[in-house]
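Construct the complete structure from the given sequences, taking the supplied hints into account.
Which chain is which? The protein sequence lines are A and B, in order.
All residue numbers in the first sequence are consecutive under the working numbering, ending with 103.
All residue numbers in the second sequence are consecutive under the working numbering, ending with 270.
Read the hints as simulated data drawn from the structure, not as lab findings.
Check the hints yourself; a few may be wrong.
Claimed, not checked - Below, a list of computed lysine-lysine pairs in the BS3-like style, where the Cα atoms sit at most 27 Å apart:
hint, chain 1, residue 1, chain 2, residue 2
1, A, Lys66, B, Lys240
2, A, Lys66, B, Lys114
3, A, Lys58, B, Lys202
4, B, Lys202, B, Lys159
5, B, Lys159, A, Lys69
6, B, Lys202, A, Lys69
7, B, Lys163, B, Lys241
8, B, Lys230, B, Lys163
9, A, Lys76, B, Lys202
10, A, Lys76, A, Lys35
11, B, Lys241, A, Lys88
12, B, Lys163, A, Lys69
13, B, Lys159, B, Lys121
14, B, Lys113, A, Lys88
15, A, Lys24, A, Lys66
16, A, Lys35, B, Lys114
17, A, Lys88, B, Lys114
18, A, Lys69, B, Lys237
19, B, Lys202, B, Lys163
20, B, Lys241, B, Lys230
21, B, Lys163, B, Lys121
22, B, Lys163, A, Lys66
23, A, Lys76, A, Lys24
24, A, Lys44, A, Lys76
25, A, Lys98, B, Lys113
26, B, Lys202, B, Lys121
27, B, Lys106, B, Lys159
28, A, Lys35, B, Lys113
29, A, Lys69, B, Lys230
30, B, Lys159, A, Lys76
31, A, Lys76, B, Lys113
32, A, Lys58, A, Lys27
33, B, Lys163, B, Lys240
34, A, Lys66, B, Lys202
35, A, Lys58, A, Lys69
36, A, Lys76, B, Lys158
37, B, Lys240, B, Lys159
38, A, Lys76, B, Lys237
39, B, Lys114, A, Lys98
40, B, Lys121, B, Lys230
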Amino acid sequence: MATTNIAGVNVDINEEGYLTNPSKWTKEVAVEIAKEENIELTDKHFEVIDFLREENEKGTVITIRKVGKSGIVDIKGLYTLFPGGPLKKSSRIAGIAKPSSCV
Amino acid sequence: MIKQEEHPLKKVCIICAKGAIEDVYATLVMANGAVMEGIEAKVFFTFFGLDAITKKQMSKLHTSTVGNPAMRMPGGLPFPTLLGALPGVEAGVSAMMMKQMEALDMPPVDEFLDMITAGGGEIFACKLAADMFKLEKKDLSDHVIDIITIGEFYALAGGLNTQIIFT
Numbered sequence: 001m002a003t004t005n006i007a008g009v010n011v012d013i014n015e016e017g018y019l020t021n022p023s024k025w026t027k028e029v030a031v032e033i034a035k036e037e038n039i040e041l042t043d044k045h046f047e048v049i050d051f052l053r054e055e056n057e058k059g060t061v062i063t064i065r066k067v068g069k070s071g072i073v074d075i076k077g078l079y080t081l082f083p084g085g086p087l088k089k090s091s092r093i094a095g096i097a098k099p100s101s102c103v
Numbered sequence: 104m105i106k107q108e109e110h111p112l113k114k115v116c117i118i119c120a121k122g123a124i125e126d127v128y129a130t131l132v133m134a135n136g137a138v139m140e141g142i143e144a145k146v147f148f149t150f151f152g153l154d155a156i157t158k159k160q161m162s163k164l165h166t167s168t169v170g171n172p173a174m175r176m177p178g179g180l181p182f183p184t185l186l187g188a189l190p191g192v193e194a195g196v197s198a199m200m201m202k203q204m205e206a207l208d209m210p211p212v213d214e215f216l217d218m219i220t221a222g223g224g225e226i227f228a229c230k231l232a233a234d235m236f237k238l239e240k241k242d243l244s245d246h247v248i249d250i251i252t253i254g255e256f257y258a259l260a261g262g263l264n265t266q267i268i269f270t
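Below is the structure:
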């Protein structure tokens, strides 16, 4: 674990680059992490991120299927928003833990 | 000591030759897991595995309740093979298994294929087996790209850091 400064906020990240404390997350932090993933965040991205953060808060085990059924975006759309690792990348940008589900 | 360099997987080619729930779902979970990690996935269904992509059969997969030593009763007691042979038992156990998987967000086969292809995964059927079971493209799920020979499948498996997995 290391402490680093992202967008003016001191955050702890684990060795895989995930925030260890979701409450430290800000939109500006998201924008900076997204840049590392070569993603420029749009409103649609933030809708997905908000959904993930809410579900995470509730203690839900998040799956790609749940996001697909959220009504925000279908699974194909999610792959388009976060190419090359839809659930992992969106979770990292949302400041929550790495997905623990296999689906 | 020689330092091993890691080469992340780029592509998996998965072959599914059996049609029981656990065989098909092992394939589907691995294929979907691959595309979710940004790994290219090609899936080849052959022999009884074709059931998983045959319109008529794909939503009626069963698990075997006979000759399966790992099959247990709820609670953990062994499941007698003779009980598994009674009419309706296999269907009941299979339905229960699908329900338990659904609770873990493992969708029905058709929806799983939706998820895999949404992520760019590609589904193929084996020509030899399709001929044998007298199946044509129209009998298969719309997610099936084509009916191809094993030679053509191997041709898709080219490239560095590709693995072929047989379930």
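A quick look at each hint next to the structure:
no.: 1; hint: A:Lys66 with B:Lys240; result: violated, 31 Å
no.: 2; hint: A:Lys66 with B:Lys114; result: holds, 26 Å
no.: 3; hint: A:Lys58 with B:Lys202; result: holds, 23 Å
no.: 4; hint: B:Lys202 with B:Lys159; result: holds, 20 Å
no.: 5; hint: B:Lys159 with A:Lys69; result: holds, 26 Å
no.: 6; hint: B:Lys202 with A:Lys69; result: holds, 18 Å
no.: 7; hint: B:Lys163 with B:Lys241; result: holds, 18 Å
no.: 8; hint: B:Lys230 with B:Lys163; result: holds, 23 Å
no.: 9; hint: A:Lys76 with B:Lys202; result: holds, 25 Å
no.: 10; hint: A:Lys76 with A:Lys35; result: holds, 22 Å
no.: 11; hint: B:Lys241 with A:Lys88; result: violated, 36 Å
no.: 12; hint: B:Lys163 with A:Lys69; result: holds, 24 Å
no.: 13; hint: B:Lys159 with B:Lys121; result: holds, 16 Å
no.: 14; hint: B:Lys113 with A:Lys88; result: holds, 17 Å
no.: 15; hint: A:Lys24 with A:Lys66; result: holds, 25 Å
no.: 16; hint: A:Lys35 with B:Lys114; result: holds, 26 Å
no.: 17; hint: A:Lys88 with B:Lys114; result: holds, 18 Å
no.: 18; hint: A:Lys69 with B:Lys237; result: violated, 36 Å
no.: 19; hint: B:Lys202 with B:Lys163; result: holds, 13 Å
no.: 20; hint: B:Lys241 with B:Lys230; result: holds, 14 Å
no.: 21; hint: B:Lys163 with B:Lys121; result: holds, 14 Å
no.: 22; hint: B:Lys163 with A:Lys66; result: holds, 24 Å
no.: 23; hint: A:Lys76 with A:Lys24; result: violated, 30 Å
no.: 24; hint: A:Lys44 with A:Lys76; result: holds, 14 Å
no.: 25; hint: A:Lys98 with B:Lys113; result: holds, 21 Å
no.: 26; hint: B:Lys202 with B:Lys121; result: holds, 21 Å
no.: 27; hint: B:Lys106 with B:Lys159; result: violated, 52 Å
no.: 28; hint: A:Lys35 with B:Lys113; result: holds, 23 Å
no.: 29; hint: A:Lys69 with B:Lys230; result: violated, 35 Å
no.: 30; hint: B:Lys159 with A:Lys76; result: holds, 26 Å
no.: 31; hint: A:Lys76 with B:Lys113; result: holds, 20 Å
no.: 32; hint: A:Lys58 with A:Lys27; result: holds, 20 Å
no.: 33; hint: B:Lys163 with B:Lys240; result: holds, 19 Å
no.: 34; hint: A:Lys66 with B:Lys202; result: holds, 17 Å
no.: 35; hint: A:Lys58 with A:Lys69; result: holds, 17 Å
no.: 36; hint: A:Lys76 with B:Lys158; result: holds, 22 Å
no.: 37; hint: B:Lys240 with B:Lys159; result: holds, 13 Å
no.: 38; hint: A:Lys76 with B:Lys237; result: violated, 33 Å
no.: 39; hint: B:Lys114 with A:Lys98; result: holds, 22 Å
no.: 40; hint: B:Lys121 with B:Lys230; result: holds, 16 Å
When held up to the earlier numbered hints, the structure conflicts with 1, 11, 18, 23, 27, 29 and 38 and fits the remainder.
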